[in-house]
Amino acid sequence: MYEGVVQDLIDELGRLPGVGPKSAQRIAFHVLQADPADVRRLAAALTEVKEKVRFCAVCGNVAQEEHCRICADPRRDAAVICVVEEPKDVVAIERTREFRGRYHVLGGAISPIEGVGPEDLRIRELLARLADGAVTELILATDPNLEGEATATYLARMVKAMGLKVTRLASGLPVGGDLEYADEVTLGRAFEGRRLLDV
Amino acid sequence: MTHNRGVSLYRDDGIVLRTQKLGEADRIITLLTRTHGRVRAVARGVRRTKSKFGARLEPFGHVDIQFFSRGSELVGRSLPLCTQVETLAPFGGILVHDYDRWTAGTAMLETAERFADHEGEPAVQQYLLLVGALRTLAAGEHRAHGVLDAFLLRSLAVNGYAPSFDACARCGLPGPNRFFSVQGGGAVCGDCKPAGCAVPSPETMRLLGALLTGDWSTADAAEPRHCREGSGLVAAYLQWHLERGIRSLKYLEK
Ligand SMILES: [Zn+2]
Ligand SMILES: [Zn+2]
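Chains as they are written, first to last, in the working numbering: chain B, 1 to 199; chain W, 1001 to 1254.
Isolated chain W, as found in the complex:
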């Protein structure tokens, strides 16, 4: 960061989470950055088709970006300006040609934005998770919804809400345990199970455990019905821990 007569320049890496139109030709860009967490900034003139910036500041863009701020802090009273942008990885351009991957990626961006809910507050683990998940999604080696569920579970984990898929989340009884309680923290034993538990198939529990730990050989071998059941449990668990639901999850194709 450099200071000069009340203005500051900041440089950071980030993923563009969302863009909103501003005035005639500008956009407000929301990014998850490596060192400043969630940042909103103004990008001038990017909706004119001649702007070189525009393509770089689209959602999913992994960028090296420079901000210009009028105050002494990046997140202050007025929004900083994006002054220089270089693309590190154009994930959006890859994802957009596959509707399943694009909708899964969109749900990741929305979830990352929700977990990094304090502007300017570092959320480096969330950032690294997002970059990794987008890279995996873009590589296309695993099914899109599996990559999404893995990202959602690990986002919950780094924010202190890791569910258990093995030992009982209440008493610690070693697994496998049959019951799954959203409110109870995941797998629960017969003694601890609260009312209204789900009883997923053991294969689904194993799949979710594999997604949480990154065991892709197990996850990739799962049957479609277990994948569907798993996605339902992940979504329910996520919605329980976030105040408002993740809108994009509704638009995933089953």
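Chain B on its own, in the form it takes in the complex:
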């Protein structure tokens, strides 16, 4: 244990995803030794992101306005919605330039063991978007791991009665990975070869 403010910083850093106690300590001491201007810039960036960035009222992606850039763009095809777990998956798919529709960000995947159920995700918001019948295809691009698959299974069953085309990214993506790590070529190919889901 360190004294006062140093320990506070280590504790705060340690609460970040993927940062263990050792890494938290390493980052804290890096900050201590860093140039004050660099640290001020980091602190400002942290505050600013919280003040200026919010989540799109329609799709849940990160946005600087009420709507994100994609939802606000009239050239994007409103008839196709691609469902992803996190905003970073939107970035990964945008990089492929394969997709011209819109997104829906769930905010995670169903994980009973972690206490995350369907009600904890933006599923109700998705159903609301589908209600008026303007959407004809739903692409389920949740992570190619079990929780992502199970979430896709749940969604496919949920919207079954609505009679729209429900597809899942092709199995070119190896199971077990995170979508964000897929390279553009693989992810693009997975988009092209998406298959119809039948539940």
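By construction, these hints were calculated from the structure, which means they are not laboratory data. Check each hint, because a few of them may be wrong.
[As the list claims (entries may be wrong)] So these bits of chain W aren't anywhere near chain B, every CB distance computed over 10 Å: (1) ARG1077; (2) THR1103; (3) GLU1121; (4) GLY1132; (5) ARG1135; (6) VAL1199; (7) ASP1215.
[Said to hold, decoys possible] Computed footprint of chain W on chain B, listed as stretches where at least three residues anywhere in the stretch have a Cβ under 8 Å from a Cβ of chain W: (8) 57–64; (9) 109–117; (10) 151–162.
In this text the structure is predicted, and so the values were computed from the model without any measurement. A virtual CB, placed ideally from N, CA and C, is assigned to each residue, including glycine.
Following the hints, complete the assembly by docking chain W with the ligands onto the known chain B.
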């Protein structure tokens, strides 16, 4: 197990119970193994989509696995590494396409982890129960919640908490007995019944007895309302014997 200059290699069969993200691309894998009980190990690079390991080390995976440990014991100060993994049965890939079976299976994994609460301590009966239950669930011959309840009841039994659904759990009066007491050990007679007993229907008691003993012809013939009532009693009984509740049970669809 082989030893070499302070490092050891262990090989075991196991079921992947849960995975957690670690750092940028790694995961901590929790397994229930045949000979070492519950084991946590680090799998490097598995979240990169190019990793072949990743798919094998997903929850429900039944694997033949090799661990590399820096100390002289598998469960020691630092987590061992997964160095080789071969799939014995990919239960997850089957269960995930049926939401009911997947949620039932998830509750099994969480329960197995809870009962095998001492890392490195063999829990071979629990392990065999889990493998058998997942195989049955994947085969899809019986309803998912029935397979789950059977697994929960037998897990209680192998851990020394077998409930009775026939003779009185207090005085041994031969059954059938009308009352069911979570605290009293299951079926109880009119003389022994403590306050706050449930009075389930006789069919429900018969169903639960069948699930505990593996009498599937009786269990499969049960009516939905008795299945629901039975699942409620099993969940209550399980929660009573485990300190914290099983989270996944909340997400089963009724
Ligand atoms: Zn948006
Ligand atoms: Zn009695």
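Now for the hints, and whether the structure bears them out:
1. ARG1077: holds (14 Å)
2. THR1103: violated (6 Å)
3. GLU1121: Nearest chain B Cβ is 21 Å from W:GLU1121, so the label holds.
4. GLY1132: holds (21 Å)
5. ARG1135: holds (17 Å)
6. VAL1199: holds (31 Å)
7. ASP1215: holds (29 Å)
8. 57–64: violated (count 0)
9. 109–117: It holds, with 6 qualifying residues against the three required.
10. 151–162: holds (count 3)
Hint compliance for this structure: hints 2, 8 are broken, all remaining hints hold.
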